[in-house]
Amino acid sequence: MTEREWIRRAQGGDAEAFGALVRLHQNGVYGFCLRMTGRREDALDLTSEAFLRAYRSLAGFDVTQPFRPWLLRIAANLCRDHLQARQKRPTPVEDAVLADLPDSDPPPPGQVLAAHDRAAVRQAVAELPEPYRTTVTLHYFNQLSYQEISEALNIPVGTVGTHLYRAKRLLRKRLVEQEVAT
Amino acid sequence: MNGKGCWDDMTLDFFRMGLLEAAEAEAVRSHVQGCPTCQARLGALDLEDLRLEAALALTREEADVLMAADLPDRLAAQVSGGRRGAWGLASGLVGLGLAAAAGLQGAVLPWLQGLPLGGWMSAGHWAPQLTSRLFRWARSLLWSPPESQLDILVPLLAAGLVIILLNLWQRRRGLSPFHH
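Chains Y and E, in that order, give the protein sequences. Reminder that position 104 of the first sequence reads as 104 in our numbering, one-by-one numbering, no gaps. Reminder that position 106 of the second sequence reads as 106 in our numbering, one-by-one numbering, no gaps.
Bear in mind the hints are in silico, worked out from the structure with no lab data behind them. Errors might be hidden in some of the hints.
[Said to hold, decoys possible] Here's a subset of chain Y near chain E, in silico, CB distances under 10 angstroms, partners left out: (1) G13; (2) L21; (3) R166.
[As the list claims (entries may be wrong)] In the EDC-like style, the derived pairs of lysine to aspartate or glutamate whose C-alpha atoms are separated by at most 20 angstroms in a straight line are: (4) Y:K173 / E:D8; (5) Y:K173 / E:E21; (6) Y:K173 / E:E24; (7) Y:K173 / Y:D81; (8) Y:K173 / E:D9; (9) Y:K173 / Y:E127; (10) Y:K173 / E:D49; (11) Y:K173 / Y:E130.
Predicted model, so just to flag it, every value in this text is computed and none were measured. Cβ coordinates follow ideal geometry from the N, Cα and C atoms, glycine included.
Go ahead and model the full structure; you've got the sequences and the hints to work with.
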């Protein structure tokens, strides 16, 4: 049975079909929430809530549209609200943040991330400002295209590219700082 | 673009992402084809993407936590229960409405019309005693909350049906208050 058929059945109130959709997408939603919040318990709660909200809104979902970006949009909104509630939302990203970057001699792409282990990279991603973290996670974890991220976050495709570019610059900078600190 | 005609990192990144205008993308492509430095930079960016993907992937331990939570079955049961709950609530409200209508038909309307109550409304009849018992049972529910929706739904439906059937039955026998 295809995903579209599961969605149609779930729209009709079929709990088993909804369970199949959860099984299909739980890794993506949980992983996204985990990378966004950094806490397993929070990620599980947010994943459950995202699926329940999706179920409640499923009647209005157009089955001709891709389901995954729509679902991740719900998860992204939940994570943003959750982070705001935790009052751990980093200050809004402005160009001023990037002004600290050493423009004259930026860390070379590729080499910095290559030198660090997964935990260090994950930690650096977790410390990214929220909009950058969301974009990075949706692209590098959930494998969403720029177009899909644009639709999921309701931002222009060019902004997605800018977010990713700036996020990677911040990652390189922070990983270099971590290396210096250790 | 620097003195050797190499593009800056952002332009190269956007070139990889396919976010450049066609003319600019073509200019970058033709430069990169003849520039080993930019080819190496593009390769480094590709490698960086792969490392980011690998770093962010779920670990086995993280995946195990998710599996242990058994979300598919748990959420499916939750939405299924929610639908049953909605049906139960709707049925309960219908039962309550029926009970109210029956009460209106059997007692309130005759009282409003100034008619004396009789038939099954008479004191000492088993029907008022049964109704009283139901009310006492309902009152006890307030002090000890029900454990399931059925605890509310069944008595409400039963009360509504009993009152309606009593009215219909007594009406046929000419004992309903409506027959005064």
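Holds or violated: K173 of chain Y to D9 of chain E, with C-alpha atoms at most 20 angstroms apart: holds (15 angstroms)
Holds or violated: K173 of chain Y to D81 of chain Y, with C-alpha atoms at most 20 angstroms apart: Measuring from Cα to Cα gives roughly 28 angstroms; hence the hint is violated.
Hinted pair K173 of chain Y and D49 of chain E, Cα distance within 20 angstroms: holds (16 angstroms)
Would you settle whether the hint for G13 of chain Y is holds or violated, based on the nearest Cβ-Cβ distance to chain E being less than 10 angstroms? Interface hint status for G13 of chain Y: holds (6 angstroms vs cutoff 10 angstroms).
Given hint E24 of chain E paired with K173 of chain Y - CA-CA distance at most 20 angstroms: violated (28 angstroms)
With a cut-off of 20 angstroms on the C-alpha distance, tell me whether K173 of chain Y and E130 of chain Y pass. Since the Cα atoms of K173 of chain Y and E130 of chain Y sit roughly 17 angstroms apart, the hinted pair holds (cutoff 20 angstroms).
Given the proposed pairing of K173 of chain Y with E127 of chain Y, does the C-alpha separation stay at or below 20 angstroms? holds (12 angstroms)
Does the alpha-carbon distance linking K173 of chain Y and E21 of chain E stay inside the 20 angstroms limit? violated (29 angstroms)
Given R166 of chain Y as an interface hint, is the shortest Cβ-Cβ distance to chain E below 10 angstroms? holds (9 angstroms)
Restraint check, 10 angstroms cut-off on beta carbons, for L21 of chain Y near chain E: With Cβ-Cβ at 8 angstroms, under 10 angstroms, it holds.
Holds or violated: K173 of chain Y and D8 of chain E, Cα atoms, limit 20 angstroms. With a Cα-Cα distance of about 17 angstroms, the restraint between K173 of chain Y and D8 of chain E holds, given a limit of 20 angstroms.
Hints 5, 6, 7, counting from the list given before, are not met by this structure.
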